[in-house]
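Quick note, the sequences are listed as chains A and B, same order.
Residue numbers for the first sequence follow our numbering, so the first one is 85 and each next one is one higher.
Residue numbers for the second sequence follow our numbering, so the first one is 933 and each next one is one higher.
What the hints contain is simulated information worked out from the structure, not anything from laboratory work.
Bear in mind the structure is a predicted one, so any value in this text is a computation, not a measurement.
Don't take every hint at face value.
Claimed, not checked - Below 25 Å or equal to it, Euclidean Cα-Cα: the simulated DMTMM-like pairs (lysine to aspartate or glutamate) are:
| no. | chain 1 | residue 1 | chain 2 | residue 2 |
| --- | --- | --- | --- | --- |
| 1 | A | Lys155 | A | Glu179 |
| 2 | B | Lys984 | B | Glu948 |
| 3 | B | Lys988 | A | Glu179 |
| 4 | B | Lys984 | A | Glu136 |
| 5 | B | Lys1000 | B | Glu974 |
| 6 | A | Lys98 | A | Asp110 |
| 7 | B | Lys988 | B | Glu1008 |
| 8 | A | Lys93 | A | Asp192 |
| 9 | B | Lys992 | A | Glu136 |
| 10 | B | Lys1000 | B | Asp987 |
| 11 | B | Lys988 | B | Asp1016 |
| 12 | A | Lys155 | A | Asp122 |
| 13 | A | Lys98 | A | Asp192 |
| 14 | A | Lys93 | B | Glu974 |
| 15 | B | Lys992 | A | Asp192 |
Unchecked claim - Some chain A residues judged to face chain B by a derived CB distance under 8 Å, without partners named:
| no. | residue |
| --- | --- |
| 16 | Phe94 |
| 17 | Tyr132 |
| 18 | Gly142 |
| 19 | Val144 |
| 20 | Pro145 |
| 21 | Gly147 |
| 22 | Tyr148 |
| 23 | Pro187 |
| 24 | Gln188 |
| 25 | Phe190 |
| 26 | Gly191 |
| 27 | Asp192 |
| 28 | Leu196 |
| 29 | Ile198 |
From the three backbone atoms N, C-alpha and C, an ideal C-beta is built for every residue, glycine too.
The chain contents come next:
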Amino acid sequence: NAGVTQTPKFQVLKTGQSMTLQCAQDMNHNSMYWYRQDPGMGLRLIYYSASEGTTDKGEVPNGYNVSRLNKREFSLRLESAAPSQTSVYFCASSEMGRGANQPQHFGDGTRLSIL
Amino acid sequence: GNSVTQMEGPVTLSEEAFLTINCTYTATGYPSLFWYVQYPGEGLQLLLKATKADDKGSNKGFEATYRKETTSFHLEKGSVQVSDSAVYFCALGGGSTLGRLYFGRGTQLTVWP
């Protein structure tokens, strides 16, 4: 029962480097999400994809790009990492898009440090 | 707009004590309400949910009632255990939120034996 799988689990980058965080779900969910979690801030939505082929900005999209590669996979890219992007990143998926009352299922997170 | 305000932590209790974590919300439309729990080093797990006014969500001894008149969804448990130590998040979704969730800032609960 894999659910939502995120890779890598940990990563250290230098300022200006780029990297892609990978996320895959095996629940046949339509919608996928990327959040960042910072102390005292809760979870903030970076980008989401209501369905395959669509992506939309969330609360804090600056400095990030996303790709919904297929129904299973949703990647998050940092083109030029900055120390302010040090955070724990969570991917989530849910069954429906617009107007959904379905809960979201979360991966275990990627802990990213940028020096 | 949509937002969730959650009781600030941390909350520290002795085992078997009564727990309340307050959550209030602002929303357009008719949202669903959720409580998620995060154990150390893990992602968030759904604890319980309620999809309409006066619904009560319950799981593992935790309960929360969707109160439209007070725009609240407070989490309660009658007798906490050490294993309940975690961070708890209140969240709002559905309705006019386009499928996304709005989270509160989280409440750290520590239960001592």
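Q: Starting from the hint list further up, note which numbers the structure goes against and sort them upward.
A: 2, 4, 5, 6, 9, 12, 16, 19, 20, 21, 22, 28 and 29
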